[in-house]
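There are 4 protein chains.
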Amino acid sequence: MIKVGIFGATGYAGIELAEILQYHPDVAVIFATSESYTGQTLNQIAPQAPAWELVKSADAPLDQVDAVFLCLPHAASAATAVRARAAGCRVIDLSADFRLKSLETYEKWYKVEHPKPEWLAEAVYGLTEHARDGLREADIVACPGCYPTSVLLPLQPVVSAGLVDGTIIADSKTGVSGGGRKAKINYHFVEINDNLTPYGLGQKHRHQPEMLEQIVKWAGDNKAPGLIFSPHLVSMPRGILSTIYVPLKEGVTFDQVYALFAEAYQNEPFVILLPPNQNATVAHAVRSNRCAIGLTMGDDNTLILTGAIDNLTKGSSGQAVQNFNVMFGLEETTALR
Amino acid sequence: MIKVGIFGATGYAGIELAEILQYHPDVAVIFATSESYTGQTLNQIAPQAPAWELVKSADAPLDQVDAVFLCLPHAASAATAVRARAAGCRVIDLSADFRLKSLETYEKWYKVEHPKPEWLAEAVYGLTEHARDGLREADIVACPGCYPTSVLLPLQPVVSAGLVDGTIIADSKTGVSGGGRKAKINYHFVEINDNLTPYGLGQKHRHQPEMLEQIVKWAGDNKAPGLIFSPHLVSMPRGILSTIYVPLKEGVTFDQVYALFAEAYQNEPFVILLPPNQNATVAHAVRSNRCAIGLTMGDDNTLILTGAIDNLTKGSSGQAVQNFNVMFGLEETTALR
Amino acid sequence: MIKVGIFGATGYAGIELAEILQYHPDVAVIFATSESYTGQTLNQIAPQAPAWELVKSADAPLDQVDAVFLCLPHAASAATAVRARAAGCRVIDLSADFRLKSLETYEKWYKVEHPKPEWLAEAVYGLTEHARDGLREADIVACPGCYPTSVLLPLQPVVSAGLVDGTIIADSKTGVSGGGRKAKINYHFVEINDNLTPYGLGQKHRHQPEMLEQIVKWAGDNKAPGLIFSPHLVSMPRGILSTIYVPLKEGVTFDQVYALFAEAYQNEPFVILLPPNQNATVAHAVRSNRCAIGLTMGDDNTLILTGAIDNLTKGSSGQAVQNFNVMFGLEETTALR
Amino acid sequence: MIKVGIFGATGYAGIELAEILQYHPDVAVIFATSESYTGQTLNQIAPQAPAWELVKSADAPLDQVDAVFLCLPHAASAATAVRARAAGCRVIDLSADFRLKSLETYEKWYKVEHPKPEWLAEAVYGLTEHARDGLREADIVACPGCYPTSVLLPLQPVVSAGLVDGTIIADSKTGVSGGGRKAKINYHFVEINDNLTPYGLGQKHRHQPEMLEQIVKWAGDNKAPGLIFSPHLVSMPRGILSTIYVPLKEGVTFDQVYALFAEAYQNEPFVILLPPNQNATVAHAVRSNRCAIGLTMGDDNTLILTGAIDNLTKGSSGQAVQNFNVMFGLEETTALR
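Protein chains in written order, with this note's numbering: chain A, 1 to 337; chain B, 338 to 674; chain C, 675 to 1011; chain D, 1012 to 1348.
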């Protein structure tokens, strides 16, 4: 049994993670932390979660575990990673602290000093399907953001092949759990229900630079495409649907692009490549670790990709477990079906 | 034009009231208060509300208005009523402060000392259809709670006629706006959506003594029925449906009961008495000032009443305006269709 | 491997069953039928279901399976059971055809002639927790209705102990999948969303006689309580919450009743007995095979039970698999966590 | 009083129209038709609609009315328009039959022969804010589709000014009532709730040519922009939010564009032009005749417009009444607040 601890068990990602790990046959969860609910059990917060007692972060017995999952706010996460690495634990971080390679970008967007900038280069960006080699030996894995997962998995084949010419537009729609389990009036049922709200339009969302960094990396020697990212908050609890408009280089055909996707994803257990001209929907992916991808042409030169995930599973805790499985040499799908 | 002020304009009742009063042909709203949003306009909080500037309660020009609507928490409401009465304003109170006649019951359930107990006797309980005589001269009107409106309008004919023998059970289901516009994790979209939660079962909800006081009054010399009240929080933004089980005295027939309701309500503009054996639904009443009432028999001795209202309209701000119209001698339906 | 077939795979119960059975380690699903979608695969109807090809009922190879699950309308179900029994299959029926012992009650409420009345006596009513002995040897298991599961599991201890005196009222609230996957205007999103609709009040729902038959059986020599059953359709996709008002015999105490429940259910893997005075909510049970039960007193003589299940899981396909596991001597929880 | 009739009163547009017209002070509704519900009253279908008796279309007394509203499927609508014009009535058509000027485009997309192609040129495309001159004398008004209203009102100023260079992308999200009141499994609550579905991507939706025809007209001598239109079905009952990506000509500034919008819309009673960099949300417009418009820059060259309407009000019946008010010389806002 691999021994693990969870920091920040009472947010939506933490609860989801606990629900997954409680049935993981190779994992023993040694501790789960919460600052606000210390002394209670997790199922008092979420009735279907396991009845684990919650301890303060400071009391977590790091010396008893092989790995930790960090479901903490940024900055707090990196600080805990430092503690965990000092105790010899491998770190699966669900926050944004190790996602970016550029310290400057991090500090500009997150408006904090990074507690451990020297680890940014080493951390593996855990978009599992495109990170397996690095994951096996990684000590720090940065799980991608939920929006980036829904956008980058669809974009990777066409960007890496250098077929994009111009600016990509990602119009994303998310369920409300993406905003976290917070007592905010904006997340009140009455404010959300039957409403639909764009936010962060005009390059104001932190996931834009995160995605762009991967796109630039994949573009390699090709001119990197730009990215306009438009998130929208939708009246549903979970799930993301990203509709992605990709200007193709002149002469690139749909069949050529579709063949790339088939090659990239046909054997992936968690990627559902839909038949040509079918669109991904939230129902394809919600409450699963799947990413469904659809391809169609918007006009002669514009590829439309649809990418659907569950923001809490493939977009967060499910992908974290998938990464964990790779890190520890387990069957990648364990506990995820 | 009758000049009015609104205290507490940024809660759900206050917003609803503003949306109604902005089109009231006989009303000029002179001020609207908010402690948290002072300096902003109301439509910054609720985009379809009027763009009234919000002032602090202490700055409200009470001397310029004929009446005030109080959409404040209990205790705060009574204190403001004292100020308003001192300035000569008539008071329409949407809080619980003047609903109960018994000071003891008030202080037991609301756990505060009442700022003006001597006004409890004088205040008119504004269940409009059964309060018109008192309303015309009233200086203080206590608008009923949302649940009580949905239960008492259906119960009045059968209780007043002395046909009940035993304990009434009111199983009520409410939309989430009933809990107020508060940043609480319990009202987070993800916690409410697709969930259904009983709460306050076992006589723990403050609306139970409020209803019982009216029932006892209506029972008069008859033995007053008991009341078990079970509220439930439902995944909808507004609307209440109360299913009410009424044990009838031996020999009372359905036709006899239905005739009572027809007599009581057939000319009421806001009461929809459904044909025998049809049930009220939330759709009958939501976003209107209506109360829909259905009657059927559960078994030989048990009448089942269904009562549907919109908790923010007939259950709160709509009924407040209906009471205001009566108080000031206006057509009762003004601004309410 | 136990070989099974599913009749009626494209309704909500059939889809749920397929999603459960695809990961059952001891089961091979040999066929799945659909009359309307023959030739398609199940995941074309429900994107997360397995990609099983759908065959016509008449083409189902009954000789290749050990057991069949019938997710068919009543009457069609019994007719298929006759075919399946002739081929030597054990039958797990999710319809109403074998739930009632009284032929007269069946034909009165279902308004069809029963195709095989002589099997009514033999069929086991599969409320698993109270049916294990019969299940092990059963050839025909009638899985209880969804409402009855949510009402009878809470009622069994107190009714069997003879502590009820008077008429029980079950006020039940269901998600919309309970009505089946039918193209009806009543189930249109716009008609359901934000609405709440009582229906079948006044003893007009077929689950009332089903429940009453069990109550009478459990009452034994005690006078059987009556039952008023009031179903309500709620704006949520799945889940049932039943609020049950139970008049207790004079002198019966809450502690006495709670002790009965603790004894009956403390070791049940799928029954969550909540601490005294906590209420069951849909969130306790939805998307699981659990039944959560809460107890509190409404007044001195009235016990209030809350029972929560997922109508498609414990109320239908989950309980069907639980019964199947018992019938075939498997661990009862297999494939149900 | 102007006498009118409604054809097709029991769809969502018809019901909405009836709810508006019942309180229109200058209108008497003489008849309302329905083929499926003849003999019933409208409030039996929609409990808050007026209790008008429904008659068959063939029995509608066309000689008694000044104008008719057609809430009928395409083709049926044009056929009824022919009857109505023969009787001297002015026609407000909510279907697609007279929206397009090009007969070829109509017959290609709607796959029927047009019953009266010679009227296509004469019919006024009733996007009210840009159609007033034509409306005053019009005998046939084609009310725009719901999506086009949400896209064209935001696009008009920037397209008419010739500031667009390239292909516009309109990513639209709609509530479910947009699909009509039809008993289809796709609109079942369970299929829609918590789901989000793109459809008609890749230029497969009939509203794309409708919008393009207006864009081409407005572009005038400038090169007309292309249009990619991507509709999405969202888990909400009503409301549309269109996020529109507009490639600007080199050198065009945000301030310049914003000034155009201010000039176009600052005095419009139903257009809410939001401050710079604020986005329209469904809450700005739902259950009102408003169109809210937001402007921000996506990158240096890409304007992002957000347009929000209620698909049943400004996107259908509300705009129909607005057009009617202009046609008959009434105050344009009558019955629409």
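Rather than coming from a laboratory, the hints here were simulated on the basis of the structure. In this text, all values refer to a predicted model and were calculated from it rather than measured experimentally. Do not rely on the hints blindly, as some may be mistaken.
[Claimed, not checked] To spell it out: a stretch of chain C is covered by chain B in this simulated footprint if at least three of its residues, at any positions, have a beta carbon under 8 Å from a beta carbon of chain B; those stretches are: (1) 764-770; (2) 777-789; (3) 837-850; (4) 891-904; (5) 986-994.
[Said to hold, decoys possible] Distance condition first, Cα-Cα at most 30 Å in a straight line; then the derived BS3-like pairs of lysine-lysine: (6) A:K56 x B:K519; (7) C:K790 x B:K560; (8) C:K858 x D:K1193; (9) D:K1195 x A:K249; (10) A:K184 x B:K560; (11) A:K56 x B:K521; (12) D:K1112 x C:K858; (13) A:K249 x D:K1193; (14) B:K560 x A:K204; (15) D:K1234 x A:K223; (16) D:K1193 x C:K856; (17) C:K785 x D:K1260.
Virtual Cβ for every residue (Gly too), placed ideally from N, Cα, C.
Verification of the supplied hints:
1. Evaluation of the coverage hint for the region 764-770 of chain C: breached, as 0 residues show C-beta separations to chain B shorter than 8 Å, against a requirement of three.
2. A count of 0 residues in the region 777-789 of chain C with a Cβ less than 8 Å from any Cβ of chain B is obtained; the coverage claim is therefore unmet, three being the minimum.
3. Coverage of the region 837-850 of chain C by chain B holds [criterion: at least 3 residues with CB-CB distance below 8 Å; count 5].
4. As drawn, the region 891-904 of chain C meets chain B at 3 residues by the rule of a beta-carbon pair under 8 Å; at three or more, the given contact holds.
5. Check result for the region 986-994 of chain C against chain B: violated, 0 residues qualifying (beta carbon to beta carbon below 8 Å, three or more required).
6. For the hint pairing K56 (chain A) with K519 (chain B), the CA-to-CA distance comes to about 28 Å; that is within 30 Å, so the pair holds.
7. Restraint check for K790 (chain C) and K560 (chain B): not satisfied, since their Cα atoms lie roughly 54 Å apart, outside the 30 Å limit.
8. Between K858 (chain C) and K1193 (chain D) the alpha-carbon distance is near 8 Å, which keeps this suggested pair within the 30 Å criterion.
9. Pair hint K1195 (chain D) plus K249 (chain A) does not hold up; C-alpha atoms about 41 Å apart against a cutoff of 30 Å.
10. Taking the CA atoms of K184 (chain A) and K560 (chain B), the gap is near 48 Å; set against the 30 Å cutoff, the hint is violated.
11. Taking the CA atoms of K56 (chain A) and K521 (chain B), the gap is near 23 Å; set against the 30 Å cutoff, the hint holds.
12. For a cut-off of 30 Å, the pair hint linking K1112 (chain D) to K858 (chain C) is broken: about 37 Å separates their Cα positions.
13. This hinted pair does not check out: K249 (chain A) and K1193 (chain D) have alpha carbons roughly 43 Å apart, beyond 30 Å.
14. With a CA separation close to 67 Å, the supplied pair K560 (chain B) and K204 (chain A) exceeds the 30 Å bound.
15. With a C-alpha separation of about 29 Å, the suggested pair K1234 (chain D) and K223 (chain A) falls inside the 30 Å cut-off, and the hint holds.
16. Of the pairs offered as hints, the one joining K1193 (chain D) and K856 (chain C) holds, with about 12 Å between alpha carbons and a cut-off of 30 Å not exceeded.
17. Only pairs whose Cα atoms come within 30 Å are accepted, and K785 (chain C) paired with K1260 (chain D) is rejected, the gap being roughly 71 Å.
Violated hints, listed in ascending order, are 1, 2, 5, 7, 9, 10, 12, 13, 14 and 17; each of the other numbered hints is respected by the structure.
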